[in-house]
Amino acid sequence: MGQIVDVNDLSRSFGGKRALDGVSFRATAGQVYGLVGANGAGKTTLLKHLLGLLRATTGSVRVFGLDPVRDPVGVLSRIGYLSEERELPEWMRVDELMDFTRAFHPTWDASYARELLESFALDPSKKVKELSKGMRAQAGLIAAVAHRPALLILDEPSSGLDAMVRRDILDAIVRTVADDGRMVIFSSHLLDEVERMSDHVTMLHAGRVTLSGALDEVREGYQRTRVRFADHFDQPPVLDAALALEGGGRLWSAVHNEPLDRFQHAVSALGGEVFESRHATLEEIFLARAGRSRQPVEAA
Amino acid sequence: MTPRSPVTAVLWETWRLTRVEAAWKLAGGIAGGLAVLALSAAFAPADDPRRHEGFMDMGAAIAMTILALLHVGSWQSLAKLNGSRAGFPLYLHFWRPVRTAVIVGLPLASVTAMSAVIYLVSALVLRVASGYAFPLLPVAAWIAGVTAVFVAAAWSTRDKTLPVLVTMIAFAFAWTTVVERLTAVELPDGFDWPPRLWPTLFDFPRSDYAWLTLVAVAAVAVTVAGVSRQRRGDAWIDVASAPRDGFWDRLVNVFRVPCPTSSATRAQLWLDLKTNGVPVLTIGVATALVILLVSTVANPIDAAINAHPDVSCPIGECFYVRPWPNILTPFALFAMLCLGGNAFDIRRRQGRAQMSAFEATHAHGTAQLAALKVLARSACVLAAVIAIGVSGWLSVPLLGDAVFIQMWGVPVSSQLAAINGAIAALTGYEQISLVIVAVVGLVTWVAALAVFGALLTRHSRRVILAASSLLLGGVALALLAGAESRGILSTPVFDAIVTAVRWMFLAAMALATVYVCRSGFAERVLTVGYASGAVAMTAAFAAAWLTVLQLAGVRLPGMSAIDAVTILSPALLPLLVSVLAPWSLSRIRHT
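Top line first, the protein sequences correspond to chains H and L. In this text, residue positions in the first sequence follow our numbering: the first is 1, and each later residue adds one. In this text, residue positions in the second sequence follow our numbering: the first is 301, and each later residue adds one.
Among the hints, erroneous ones may be present.
[As the list claims (entries may be wrong)] With a cut-off of at most 30 Å between alpha-carbon atoms, the simulated DSSO-like pairs for lysine-lysine come out as follows:
#, chain 1, residue 1, chain 2, residue 2
1, L, 325, H, 129
2, H, 133, L, 460
3, L, 460, L, 325
4, H, 127, L, 460
5, L, 460, L, 380
6, H, 133, L, 325
7, H, 126, L, 325
8, L, 380, H, 126
9, L, 380, H, 127
10, L, 325, H, 127
11, L, 380, H, 17
12, L, 325, L, 380
Hints in this document: simulated from the structure, not taken from any laboratory.
With the sequences and hints as input, model every part of the structure.
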């Protein structure tokens with residue numbers, strides 16, 4: 001499968017704040033990539049670099065082998081994008097929005113757009129300003145996917161939407177991905193959504209990539225293990241192998257990416273024993289990775 | 301600063317938001333006033349005391365007009381918080397536990413007081429610098445009253461039409477009242493409000509201050525009531541239940557032309573014409589019709605008023621309606637040129653200015669996008685200007701000569717045939733040259749405004765610094781001119797300074813063109829096709845410019861090098877602006 005996105009050592013600051021710090025990210029066709037991270041982690045900044053809305057000051061960005069700033073036509077003609085703010089011209093009617101977007105994309109699939117309009121029950125004669133937030137997201141999504149783009153970029157696609165609309169959007173994305181050779185990159189802070197939809201996950205924290213890989217490998221690589229110590233601990237015990245520890249007294253739960261036998265060995269050294277272990281959820285991994293950066297002493 | 305109460309917090313926020321605009325108004329008023337006074341002093345004929353005095357008086361009057369006009373309209377630093385939309389711009393306070401009277405009254409009082417103080421300080425500085433008795437309290441009180449009405453009109457409703465109407469009526473009322481007071485005494489051989497009479501003329505009756513206070517209090521009350529509705533959500537409910545578009549939005553939807561889907565260029569052109577072009581054109585055509593209509597009915601109305609036995613006029617017949625088309629036409633033309641700004645459609649909200657991500661993420665080359673936006677806006681501004689110009693031209697014979705003689709001492713109506721004859725006497729090439737200069741000049745103007753807006757958005761500090769430096773440089777040159785005319789500075793030294801400045805300007809223009817071309821090609825913002833078009837347009841403009849210079853009697857061979865280069869330099873402007881347009885759009889599209 002061909003590599004579509006290649007971000008190499010990308011850094012970007014706004015004023016004194018480092019929004020991205022040496023980020024490298026690669027994505028290949030036919031996969032769904034989820035970007036997760038807390039607010040301000042740098043997800044939107046990274047996506048804007050892929051669209052050429054931000055200029056790479058350090059490092060490089062290549063999409064379809066092209067620089068999105070130097071060759072916006074070559075890149076944007078093959079991308080569908082839904083912004084977090086759902087920024088659409090308020091005066092346009094839904095059908096005008098479709099016609100306008102269609103003019104930019106010879107591959108526009110009118111029957112697919114009509115089908116989506118019907119499934120979302122959107123009135124084509126309504127103006128964008130008259131649409132609710134969810135309907136606006138649906139209209140933006142149709143405009144983004146109806147030309148069957150090679151790369152679909154969704155920035156917080158389900159932010160602020162109710163469960164029904166969220167499901168509709170997810171369905172539409174799944175349909176898009178079902179077509180061979182297409183790729184989706186989406187950002188979200190809803191970890192269950194990322195876990196359900198993604199093939200790959202990239203975790204950003206404070207502008208850095210803290211974790212990146214195939215979702216299954218990530219999940220298999222992290223475990224949540226319950227530990228019983230002989231001694232009572234008021235503070236988390238110093239356990240180098242653990243990314244995060246929570247609990248109290250003698251019973252503690254640890255998230256770790258060490259092999260279980262090595263972890264058991266470390267626990268034994270502190271007079272403890274492992275009595276339960278399972279694969280960690282993405283949320284537990286995320287909290288552990290983010291917490292480690294925030295509270296290095298505790299994690300150490 | 302740590303605000304310790306809601307009152308200090310609101311005051312602090314208002315100050316933080318408006319302080320830059322306040323500084324600009326203060327600096328602009330003082331610098332502009334001083335520049336006008338210095339220019340008057342520099343160019344007033346020293347050998348004729350009477351004309352010298354008239355020149356200086358006129359300069360002082362213009363300086364005072366500048367100080368007052370700076371306060372026409374609402375405060376832009378607050379208005380841009382909600383993208384200059386109608387309604388209360390500090391709406392984020394709605395979620396704070398503070399009474400509406402506080403969140404409305406304090407900012408309104410602050411900006412009203414600030415407008416008055418800015419005028420007072422500026423007038424005081426000009427008073428000290430020039431010795432003219434610039435009026436203080438009376439004009440400051442008027443400015444405060446009018447500002448309160450302007451702000452109240454802008455904040456108290458979400459309807460876009462009402463604030464425009466109220467602002468126009470308030471301005472017209474204030475203007476006519478002040479002009480009526482100042483021109484109550486007709487002075488022969490001079491304009492009616494010379495500075496020596498200002499202390500008397502501006503000694504407004506106390507009832508004025510009472511009325512102004514009443515108006516200000518009413519403005520606060522109306523605004524608090526209006527914003528309370530917005531805060532309660534009543535205004536939102538109105539909008540939701542019966543969607544009413546704003547004035548501009550209504551204009552956007554005047555012509556329902558379907559979006560072409562055959563090409564991206566046509567679709568983008570459709571979008572730009574709908575959002576940027578057609579509203580301007582509609583305003584222009586409507587204004588042209590109003591001018592023509594008023595011109596048609598002006599004579600009968602004036603005749604009827606003058607015939608009324610209760611009307612007494614010191615100059616035989618008075619002009620009540622007839623001057624308005626003459627006043628409205630140049631104002632309307634100027635307004636159309638101003639509406640040519642923001643061709644790149646930069647949006648401002650809550651202190652952020654940016655290009656619409658919707659347009660930025662469509663597959664268009666930046667050069668093509670810039671050209672489409674500028675050309676669409678230019679075409680509509682040009683059509684609007686032509687409509688108003690034709691309307692003004694047609695209105696001249698309808699109004700008759702008397703009004704022109706009264707206003708400017710010139711019988712324009714009888715000169716129409718001469719103007720027609722002069723144009724008819726030109727060769728076809730000369731006529732085409734005039735048209736090319738006018739059209740390319742207008743496109744260059746629209747593009748220059750777009751470039752300025754884009755650069756101000758992306759590099760605001762640097763642009764403000766550059767603009768301030770240019771302004772200060774202009775004031776310094778004006779002061780030097782004054783010093784030279786009074787013999788303080790020797791003429792050769794002054795000429796050397798002016799020549800050096802002109803060379804620097806020309807060199808900067810040429811270097812900027814080369815730099816932006818190089819940078820634009822290196823970043824692949826400029827394409828060969830676009831650059832060829834820009835060069836062709838510049839060549840056509842240059843040839844037309846030379847023809848127009850010849851028509852105006854300018855003879856280049858006898859000129860000094862600097863004079864010749866200066867007079868030819870406008871020919872470079874279309875090229876400079878053409879390459880700057882995509883370059884600057886690229887700065888806001890790819891930040």
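Each hint tested on the structure:
no. : hint             : result
1   : 325/L with 129/H : violated, 36 Å
2   : 133/H with 460/L : holds, 24 Å
3   : 460/L with 325/L : holds, 26 Å
4   : 127/H with 460/L : holds, 19 Å
5   : 460/L with 380/L : holds, 15 Å
6   : 133/H with 325/L : violated, 40 Å
7   : 126/H with 325/L : violated, 43 Å
8   : 380/L with 126/H : holds, 28 Å
9   : 380/L with 127/H : holds, 24 Å
10  : 325/L with 127/H : violated, 40 Å
11  : 380/L with 17/H  : holds, 25 Å
12  : 325/L with 380/L : holds, 17 Å
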